[in-house]
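Trainee: Model the full structure from these sequences, guided by the hints.
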Amino acid sequence: MLKAEIKRRHKAFGLPKPEPRPASWRSTKICEWFEEAAVHRQLERDATSSNWTGKDPYLRLIHCIVDDSIKESFRNDIQPGRMSIENRNREKTVWEAIADLWNDPGFAPVTEGGLAELHFDFIPSIAVPYEKVSSMNPATPQFVQNKITGMVTSLTRIISNWERSGQGDGGFHEDGAIELGVSSLRAAK
-19 MLKAEIKRRH KAFGLPKPEP RPASWRSTKI CEWFEEAAVH RQLERDATSS NWTGKDPYLR
41 LIHCIVDDSI KESFRNDIQP GRMSIENRNR EKTVWEAIAD LWNDPGFAPV TEGGLAELHF
101 DFIPSIAVPY EKVSSMNPAT PQFVQNKITG MVTSLTRIIS NWERSGQGDG GFHEDGAIEL
161 GVSSLRAAK
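According to our numbering, the sequence shown is numbered sequentially starting from -19.
By construction, these hints were calculated from the structure, which means they are not laboratory data.
Bear in mind that the values here come from a model prediction, so they are computed numbers and not experimental data.
Every clue listed holds true.
Straight-line distance between alpha carbons at most 25 angstroms, and here's what the computed SDA-like set of lysine to any residue pairs gives:
| id | residue 1 | residue 2 |
| --- | --- | --- |
| 1 | K127 | A88 |
| 2 | K112 | D36 |
| 3 | K51 | D84 |
| 4 | K35 | I45 |
Mentor: As structure tokens, this is what we get:
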């Protein structure tokens, strides 16, 4: 029974290979494995319990994307001069640069406040220092790429649905008149 549990836990917790073969293990080795696996379970639990939640990690990610040093990585700028080209080994990918900046404790972006015309959430400035996100999963290049791809996909879907709703032009007509909905006509009476 315990031997089957060892295999189950190894697979469930994604422990490193090789997979254990406890068929011929003595009870002392089985007990040792369970004690060692308990440490792995706690590490696994710690790693998965700190998912990105709330707006702070995403605001920090967006600030990383629009940072000037990252913009250069997107454009793949190469400094002029033969020596700089020959002396560079391999430049960081955009995803590595974003992950490094997101994980940098010295990077403390602040959103611009006072945008009440957009939404009341944008009235105050929002600071996103590293301390707010330090307990969450750190950004890795692959994780950053997946998050940005997911954000772009969601935003594309939202914009498409919004345009199909009839508000794609923002409710304005060519002559500059605002389209009035039924609820606004009732309120005017």
